[in-house]
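There are 2 protein chains.
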Amino acid sequence: MNEYIEEIIKEAQISYDNKDIPIGAIVVKNNKIIGRGHNDRLNTPDVTNHAEIIAIREAEKNLNDWRLDGCDLYVSLYPCDMCLEVAKASRVDNIYFLLERDNKNKYNSTIINQVEDDVSRETYKNMLSTFFKENVR
Amino acid sequence: MNEYIEEIIKEAQISYDNKDIPIGAIVVKNNKIIGRGHNDRLNTPDVTNHAEIIAIREAEKNLNDWRLDGCDLYVSLYPCDMCLEVAKASRVDNIYFLLERDNKNKYNSTIINQVEDDVSRETYKNMLSTFFKENVR
Numbered sequence: 225m226n227e228y229i230e231e232i233i234k235e236a237q238i239s240y241d242n243k244d245i246p247i248g249a250i251v252v253k254n255n256k257i258i259g260r261g262h263n264d265r266l267n268t269p270d271v272t273n274h275a276e277i278i279a280i281r282e283a284e285k286n287l288n289d290w291r292l293d294g295c296d297l298y299v300s301l302y303p304c305d306m307c308l309e310v311a312k313a314s315r316v317d318n319i320y321f322l323l324e325r326d327n328k329n330k331y332n333s334t335i336i337n338q339v340e341d342d343v344s345r346e347t348y349k350n351m352l353s354t355f356f357k358e359n360v361r
Numbered sequence: 225m226n227e228y229i230e231e232i233i234k235e236a237q238i239s240y241d242n243k244d245i246p247i248g249a250i251v252v253k254n255n256k257i258i259g260r261g262h263n264d265r266l267n268t269p270d271v272t273n274h275a276e277i278i279a280i281r282e283a284e285k286n287l288n289d290w291r292l293d294g295c296d297l298y299v300s301l302y303p304c305d306m307c308l309e310v311a312k313a314s315r316v317d318n319i320y321f322l323l324e325r326d327n328k329n330k331y332n333s334t335i336i337n338q339v340e341d342d343v344s345r346e347t348y349k350n351m352l353s354t355f356f357k358e359n360v361r
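Protein chains in written order, with our numbering: chain L, 225 to 361; chain B, 225 to 361.
Rather than coming from a laboratory, the hints here were simulated on the basis of the structure. Some hints here could point you the wrong way.
Which copy? The list can't say, so a pair holds if one copy fits it or any two copies do.
[Stated by the list, open to error] EDC-like mimics (lysine to aspartate or glutamate), calculated; alpha carbons at most 16 Å apart, straight line:
(1) K256 to E340
(2) K285 to D264
(3) K285 to D270
Isolated chain L (complex conformation) (with noise of 0.2 Å):
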């Protein structure tokens, strides 16, 4: 499994404990983990609590900059249009997703592409399935 990969599921398992969501992400910059999130949403109350707007966030205020050229962004699913657009704007190179949603072709952009990764990629979806399974809402 990719370390970074790794990461991104390690994170999610974080939400996956407090009943929220699974959702972990990570930002990259020369080969340095230099943000991590999970979603937190549930327990907080801030609409931006989305794994990867916490990566984004805490990235921005180890570099001390709003812009994250250079970085690339790792997230365990398809991001949402709040994501994409914070991570649009925060100016990463790169999106890396692991797991698809429906929506996958709407934001049409080079810079998003799915990580090839079938193994972790089943392990994930195992585990967001069980954790719907577990939380019926």
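We have chain L already, so just place chain B on it with the hints.
What follows is chain B alone, placed relative to chain L:
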């Protein structure tokens, strides 16, 4: 001048004085202002520090809920795509903007309306154009 419009212009003036693009926003619920924000992206390493998102996050903190059903967002300038998606995700009932942009019809929605206040619009337009004259970037 409508009280809410006066408040968003006051907020925009704070950005102006900070040498940041003057944009102000408030969130209103039951005729009460529960969140305020001014554009603060120049001085903070956070891509989400646009007026609208700051106001939304403050309102959510005050309500202890990320859902802003029953709330209206007032903003001096038609929001960027990022802020539109955050506002949508927060479930505000309405978005009222004072001054349009070129992309004003991009977001096809009945929840976004322009405030009818030509005098305030002119005041704000002058603030914006003076700002850009004084701060060439």
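Do the hints match the structure? See the list:
{"no.": "1", "hint": "K256 to E340", "verdict": "neither (20 Å within a copy, 50 Å between copies)"}
{"no.": "2", "hint": "K285 to D264", "verdict": "between (19 Å within a copy, 14 Å between copies)"}
{"no.": "3", "hint": "K285 to D270", "verdict": "between (18 Å within a copy, 7 Å between copies)"}
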